[in-house]
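Trainee: The opening residue of the sequence shown carries number 22 in the working numbering; numbering runs sequentially from there.
FYI, nobody ran anything at the bench for these hints, they're computed from the structure. Be a bit skeptical, because a hint or two may be false.
To be verified - Cross-link-like lysine-lysine pairs, in silico, PhoX-like; alpha carbons within 25 angstroms at most:
hint: 1; residue 1: LYS184; residue 2: LYS216
hint: 2; residue 1: LYS233; residue 2: LYS216
hint: 3; residue 1: LYS178; residue 2: LYS216
hint: 4; residue 1: LYS184; residue 2: LYS233
hint: 5; residue 1: LYS284; residue 2: LYS207
hint: 6; residue 1: LYS36; residue 2: LYS86
hint: 7; residue 1: LYS232; residue 2: LYS216
hint: 8; residue 1: LYS233; residue 2: LYS207
hint: 9; residue 1: LYS233; residue 2: LYS213
hint: 10; residue 1: LYS161; residue 2: LYS216
hint: 11; residue 1: LYS184; residue 2: LYS207
hint: 12; residue 1: LYS86; residue 2: LYS297
hint: 13; residue 1: LYS232; residue 2: LYS201
hint: 14; residue 1: LYS184; residue 2: LYS232
hint: 15; residue 1: LYS184; residue 2: LYS161
hint: 16; residue 1: LYS284; residue 2: LYS297
hint: 17; residue 1: LYS201; residue 2: LYS284
hint: 18; residue 1: LYS178; residue 2: LYS232
hint: 19; residue 1: LYS86; residue 2: LYS40
hint: 20; residue 1: LYS213; residue 2: LYS184
hint: 21; residue 1: LYS184; residue 2: LYS284
hint: 22; residue 1: LYS213; residue 2: LYS232
hint: 23; residue 1: LYS201; residue 2: LYS233
hint: 24; residue 1: LYS63; residue 2: LYS86
hint: 25; residue 1: LYS232; residue 2: LYS207
hint: 26; residue 1: LYS178; residue 2: LYS201
hint: 27; residue 1: LYS213; residue 2: LYS201
hint: 28; residue 1: LYS201; residue 2: LYS216
hint: 29; residue 1: LYS161; residue 2: LYS63
hint: 30; residue 1: LYS184; residue 2: LYS201
hint: 31; residue 1: LYS233; residue 2: LYS178
hint: 32; residue 1: LYS178; residue 2: LYS284
hint: 33; residue 1: LYS178; residue 2: LYS207
hint: 34; residue 1: LYS178; residue 2: LYS213
Unchecked claim - Pair ranges (Cβ atoms, derived):
hint: 35; residue 1: THR340; residue 2: ILE202; range: 35 to 41 angstroms
hint: 36; residue 1: GLY68; residue 2: GLN374; range: 52 to 58 angstroms
hint: 37; residue 1: PRO265; residue 2: ILE345; range: 16 to 22 angstroms
hint: 38; residue 1: VAL44; residue 2: LYS184; range: 44 to 50 angstroms
Glycine residues also receive a C-beta, built at the ideal position from the N, C-alpha and C atoms.
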Amino acid sequence: MNIIMPPIWVRYVWKEAFKGFLVALAGLIALFSLLQFVTLLKMSGNGTYTLLDAALETCLFLPSKLIEITPMAALLGSLIGLGGLARHQELTALTGTGVSDWRIVQVTSLLAIPLSVLLFLMSQFMIPAAYHLSQEIQAKASWDKTNTGHFFWALGKGGVFLKVGSIADDGRAWNIQRFKIGSDGKLQEFLKADKSVLNSDGSWHMSHLLKKTIIRDRVVEENLESLDWMPFLSRDEMYYLTFPISFVSPTALVQHIIDGRLKGEPAILCEREIWKRLALPFSIVALVFFAAPFLFGSTRSKTVGSRIGIGVMIAVAYTLFQEILDRAGLVTGISPIISAFLPPLLVVAAAVQLYARSNPHG
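Take these sequences, add in the hints, and give me the full structure.
Mentor: Structural data, given as structure tokens:
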């Protein structure tokens with residue numbers, strides 16, 4: 022097939038499949054946006070948070086929702102677009118010219134390439150910025166001006182754990198807790214500070230501290246006005262730790278993985294997230310392939326409504342299976358590559374099996 026100028030039938034299949042994809046995407050966006058808006062409405066009345074803030078935040082969350090629903094929309098779009106061709110016997114005419122069923126599905130699955138590129142660009146540039154803006158909206162609307170983001174935990178060398186309640190763009194932090202665990206697994210030191218500001222050398226100037234040191238099962242307690250401490254995380258690392266991991270850009274994830282390996286501290290969650298994103302194009306292709314048994318063979322006579330209903334159930338089941346496998350992999354130590362790529366491989370295998378059963382003479 023000439024990639025520069027593909028045959029007319031290829032362009033026609035792409036056009037119909039893409040039209041179906043847009044219809045499915047519009048419906049899913051409307052549904053998920055409504056659910057997001059209703060969730061954000063619960064914050065109305067919290068400080069100066071208004072209905073307009075909820076609507077604006079809903080729009081800001083759209084790019085991240087697009088990544089979640091694109092595989093589902095690809096499946097539904099294939100069922101809608103190619104289902105229309107099947108209903109008007111156009112698929113039958115195509116196969117009559119010597120084009121195989123799987124060739125049509127393969128051509129349709131090529132739409133995953135531009136979609137994946139678009140989703141990558143969104144995850145790199147739009148999604149982190151949109152999340153940052155949504156946090157600014159909440160911070161400005163809240164009476165509590167220290168509420169500038171999510172808390173985070175971090176592990177440093179020498180058994181040092183750090184918990185930060187909230188951190189601002191300029192490096193100010195609130196509700197800081199530092200724990201030092203000994204080689205015997207017991208707590209040796211606990212430090213709590215109300216807030217901190219950045220010094221010129223990157224260290225923290227913490228104020229209003231409570232320090233507890235455990236010496237031979239005896240707790241020594243001190244109250245300190247201030248203390249300077251050099252954190253084991255850079256400002257950028259702490260900034261991204263306040264993001265839910267699904268909102269962190271791919272380059273930041275890769276950088277965090279590299280930094281963690283250099284320090285001897287593997288970033289397990291970041292590795293799982295990056296592999297999950299790399300598997301996204303394969304998920305799109307797999308779900309497009311899964312549409313084949315419902316477009317060709319004995320099941321092609323199904324109505325559009327029944328096809329969409331089946332597609333929704335398949336897409337929801339696939340998403341749940343992905344999440345369950347990812348969580349199970351985190352607990353059991355299954356390789357993130359297996360957790361990310363096993364679901365699309367199983368879906369393709371199931372699609373081939375179902376197609377063979379519904380079209381035994383194909």
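Trainee: The structure should be examined with respect to each hint, and the outcome stated for every one.
Mentor: Results for each hint:
1. Distance hint between LYS184 and LYS216 is fulfilled; the C-alpha atoms sit about 12 angstroms from each other, no more than 25 angstroms.
2. For the proposed pair LYS233 and LYS216, the alpha carbon gap of about 17 angstroms is at most 25 angstroms, so the pair holds.
3. Of the pairs offered as hints, the one joining LYS178 and LYS216 holds, with about 23 angstroms between alpha carbons and a cut-off of 25 angstroms not exceeded.
4. A threshold of 25 angstroms between alpha carbons decides the hint, and for LYS184 with LYS233 the separation of about 16 angstroms falls inside it, so the pair holds.
5. Note on LYS284 and LYS207: the hinted pairing holds, with a Cα-Cα distance of about 23 angstroms set against a maximum of 25 angstroms.
6. Only pairs whose Cα atoms come within 25 angstroms are accepted, and LYS36 paired with LYS86 is accepted, the gap being roughly 24 angstroms.
7. Between LYS232 and LYS216, the direct Cα distance comes to roughly 14 angstroms. Compliance with the 25 angstroms bound is thereby established for this hinted pair.
8. Restraint check for LYS233 and LYS207: the C-alpha separation of about 14 angstroms stays at or below 25 angstroms, so the hint holds.
9. Restraint check: the Cα-Cα separation between LYS233 and LYS213 comes to about 9 angstroms, which is no more than 25 angstroms; the hinted pair holds.
10. Pair hint LYS161 plus LYS216 holds up; C-alpha atoms about 19 angstroms apart against a cutoff of 25 angstroms.
11. Under the criterion of a C-alpha separation no larger than 25 angstroms, the hint pairing LYS184 with LYS207 is consistent with the structure, at around 18 angstroms.
12. For the hint linking LYS86 to LYS297, the alpha-carbon distance of about 15 angstroms falls within 25 angstroms, and the restraint holds.
13. Of the supplied pair hints, the one linking LYS232 and LYS201 holds, its CA atoms being roughly 11 angstroms apart against a limit of 25 angstroms.
14. A distance of roughly 15 angstroms separates the Cα atoms of LYS184 and LYS232; the hinted pair therefore holds under the 25 angstroms criterion.
15. Simply put, LYS184 and LYS161 have alpha-carbon atoms about 24 angstroms apart, close enough for the 25 angstroms limit, and the pair holds.
16. For the hint linking LYS284 to LYS297, the alpha-carbon distance of about 24 angstroms falls within 25 angstroms, and the restraint holds.
17. Between LYS201 and LYS284, the direct Cα distance comes to roughly 18 angstroms. Compliance with the 25 angstroms bound is thereby established for this hinted pair.
18. Distance check on the hinted pair: LYS178 and LYS232 sit about 20 angstroms apart at the alpha-carbon level, within 25 angstroms; holds.
19. A hinted pair counts as satisfied when its Cα atoms are at most 25 angstroms apart, and LYS86 with LYS40 qualifies at roughly 20 angstroms.
20. The straight-line distance between the Cα atoms of LYS213 and LYS184 is roughly 10 angstroms, inside the 25 angstroms bound, and the hint therefore holds.
21. The hinted pair formed by LYS184 and LYS284 meets the criterion: a straight-line CA distance of about 19 angstroms does not exceed 25 angstroms.
22. Only pairs whose Cα atoms come within 25 angstroms are accepted, and LYS213 paired with LYS232 is accepted, the gap being roughly 6 angstroms.
23. In summary, the hint linking LYS201 to LYS233 is supported, as the alpha carbons are separated by about 11 angstroms, within the 25 angstroms threshold.
24. Using a Cα cut-off of 25 angstroms, the hinted pair LYS63 and LYS86 holds, with the two alpha carbons roughly 20 angstroms apart.
25. Simply put, LYS232 and LYS207 have alpha-carbon atoms about 16 angstroms apart, close enough for the 25 angstroms limit, and the pair holds.
26. With a CA separation close to 10 angstroms, the supplied pair LYS178 and LYS201 stays within the 25 angstroms bound.
27. Under the criterion of a C-alpha separation no larger than 25 angstroms, the hint pairing LYS213 with LYS201 is consistent with the structure, at around 12 angstroms.
28. Distance check on the hinted pair: LYS201 and LYS216 sit about 19 angstroms apart at the alpha-carbon level, within 25 angstroms; holds.
29. A C-alpha spacing of about 17 angstroms is found between LYS161 and LYS63, which places the hinted pair at or below 25 angstroms, so the restraint holds.
30. The straight-line distance between the Cα atoms of LYS184 and LYS201 is roughly 12 angstroms, inside the 25 angstroms bound, and the hint therefore holds.
31. Between LYS233 and LYS178, the direct Cα distance comes to roughly 20 angstroms. Compliance with the 25 angstroms bound is thereby established for this hinted pair.
32. Taking the CA atoms of LYS178 and LYS284, the gap is near 8 angstroms; set against the 25 angstroms cutoff, the hint holds.
33. At most 25 angstroms may separate the alpha-carbon atoms for a hinted pair to count; LYS178 and LYS207 meet this at roughly 15 angstroms.
34. Between LYS178 and LYS213 the CA atoms are separated by roughly 19 angstroms; this keeps the pair inside 25 angstroms, and the hint holds.
35. Between THR340 and ILE202 the beta carbons are some 38 angstroms apart, a value that agrees with the proposed interval 35 to 41 angstroms.
36. Taken as a hint, the range 52 to 58 angstroms holds for the pair GLY68 and GLN374, whose Cβ atoms sit roughly 55 angstroms apart.
37. Evaluation of the 16 to 22 angstroms hint for PRO265 and ILE345 yields a pass: the beta carbon distance comes to about 19 angstroms.
38. For VAL44 and LYS184, the hinted distance range of 44 to 50 angstroms is satisfied, since their beta carbons lie about 46 angstroms from each other.
Hint compliance for this structure: no hint is broken.
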